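Student: Spelled out from the first residue to the last, the chains are:
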Amino acid sequence: MSSILFFEQLLNGIQFGTMLFLMSAGLTLIFGVMGLINLAHGSFYMIGAFSAALIAGLTGSFWLALLASLSGAAIAGVLIETLIIRRLYRRDHLDQVLATFALILLLSEGVRWCFGAFPLYLDIPENLNGTLPILDDIIYSKYRLFIIFMGLLIATGLYFLITKTRLGVRIRAGQNDRQMISALGVDISKLYTIVFALGASLAGLAGAMIGAIQSVEVGMGEPILILAFVVIVIGGIGSIKGALIGSILVGITDTIGRIFLPELLKIFMEPASATSVGSSIGSMLIYILMALILIIKPSGLFGKT
Amino acid sequence: MKKFTTTLAALMILGSTSSFADGHKVKVGMITTLSGGGSGLGIDVRDGFMLAIKGNKNISVITKDDQRKPDIAVQLADKMIQSDKVDVLTGIIWSNLAMAVVPATVNQGKFYLSPNAGPSKLAGKGCHKNYFNVAWQNDNLHEAAGGYANSAGFKNSFILAPNYPAGKDALTGYKRYFKGSLAGEIYTKLGQKDYAAEIAQIRASGADSVFFFLPGGMGIGFMKQFSQSGINLPVVGPAFSFDQGILKAVGDAALGVKNTSQWSKDIDNDANKKFVKDFQSEYGRLPSLYASQGYDTGKLLISAMSKAKVKDKDKFRDALRKADFSSTRGKFSFDKNHHPIQDIYVREVIKEGKILTNKIVSVGLKDHSNAYVSECKM
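These protein sequence lines are chains F and L, in that order.
The opening position of the first sequence corresponds to residue 1 in the working numbering, with each subsequent residue numbered one higher.
The opening position of the second sequence corresponds to residue 1001 in the working numbering, with each subsequent residue numbered one higher.
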């Protein structure tokens, strides 16, 4: 097992983590501010990817497509928040789970009506194709470096938004005491719509960036939604910092685990069964990590106790 | 008492007349994946099947979506058998779902015609007289890929597949025919879309070729990421990742890749020409191999119905076994374990105008059956 391979896998883990962060940041914000469990968050990931594929197909420009993913998901977010989600804030979590689960089904079928059941084509731009030498022997995909860069950029942007701006103050206030901030004259329902649209657009951006190297198809958001929930539980629900650290932790654990566990098992097992047992345990690893963290810190790494 | 017997007699007459009227009718239950990831496959199988039986008044079809979930497939099958009283079941795409549904179905005396999944268990020890596979045994296309790898001079392959029954069959099939050594062998998570970690391993492994079996959206992600990684190794795989429904999404990354298939739209026979033409005019798109499998399943059913009534199980089974229909694949027959004997082709991804599609470059394995015939006690 060479150090080059290890370093490359580490980068892969970080890249996966930054993508998870875009998903979980929105999810944790929405939960933190509105107290809403939004199972339909993965649908915004899908909507972002489909908007991007549509615009890329029409214009041929990847950058316009990224813009379309942000705005497409944000528009969908505003519509869904004002029409449906708004009625759910006062209900208990079971009602929210039921309603947003129904939204998943509606949105998936809706997208299938519009675009068909076959995966759409979305490719990365020509100048991000290929690889880049980082250190002596390490070459790494330019596009994945771009994803890491975008993830970090957005994390920094969110940090400034939350800590330095007026909107950020309101969001933090909303997290701490909902009644008080509306009593102080803040238009709470507008704030909720903005936060929801922000979360949706981040998910949409993630969908478009990942869709370009994976596949744009109906139901693409649900597997990553589960991981995003794992992330916010590990990081502490409502904490953006927790979401960032949790994402990177989950990304690295998952990537490193599923590659190196089979190798490790090969030392004392025969190769065929080591591969099979190793990959099975590898896919459980993040849940084991979550369980361990919850034993030590029941409300997550940065959660309020 | 007398009254009772007359009623009984009347009922019996009624029963027999209705069965007389129904004798030539067949009720088909189709359980396939119509929503979520992988629904393109199920839709193609369904459309191919419906095209084959179009206009046939004696066949009625109930179609239900299994959502690619084994538990839902089992529920649907129970309902179709017990309350809808279907005679024949078909449609399942995924081997793990087939393993959950098929054994119980055939043990209840129903026929199952598989348009896709062909897990090794159902070909070998778990074979059953009422189970027919119209597509292939899972290993088949991969065996042809292994054979092709030898003829292309590959000596050291890196192979990967998802961790589920068909994935294991795939790697087994490739290894059965491939004579070189393995640079690496990985099972990935079913439904995984990101292959950065695996591609890094391929880069570090020193392989001279890559074989992969990643059906549906999994293969799209792999091919795109592989071509972006700058690793210039020849890739070979079964047709599933290079078929009509998927090529558009993979894009030019797939150009020139050799893949193995029992069907291709340029197989030169009348049945196939008619199928490709009819499918295009009916649905406005090019058919995939899944569509051809659905179509052949429908034609097989019709051929058996013309020979025997479905209620006469033994005769109907014999009629199915004869496979007396003109397949889109040309020569087609069933081996003793009710799996096809057919040619497997090597195809290459090409561009016809702006559309990516496949053309046959050679016959990989001629009159190919499967490795499990001797294990099947039937």
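Treat the hints as calculated values from the structure; they're not laboratory data.
Nothing here was measured: the structure is a model prediction, and the numbers come from that model.
Keep in mind that a hint or two might mislead.
[As the list claims (entries may be wrong)] Below 27 Å or equal to it, Euclidean Cα-Cα: the simulated DSS-like pairs (lysine-lysine) are: (1) F/LYS142 <-> L/LYS1248; (2) F/LYS266 <-> L/LYS1248; (3) L/LYS1189 <-> F/LYS142; (4) L/LYS1248 <-> F/LYS241.
Student: Run every hint past the structure and note whether it holds.
Tutor: Here is how each hint holds up against the structure:
no., hint, result
1, F/LYS142 <-> L/LYS1248, "holds, 24 Å"
2, F/LYS266 <-> L/LYS1248, "violated, 39 Å"
3, L/LYS1189 <-> F/LYS142, "holds, 25 Å"
4, L/LYS1248 <-> F/LYS241, "violated, 40 Å"
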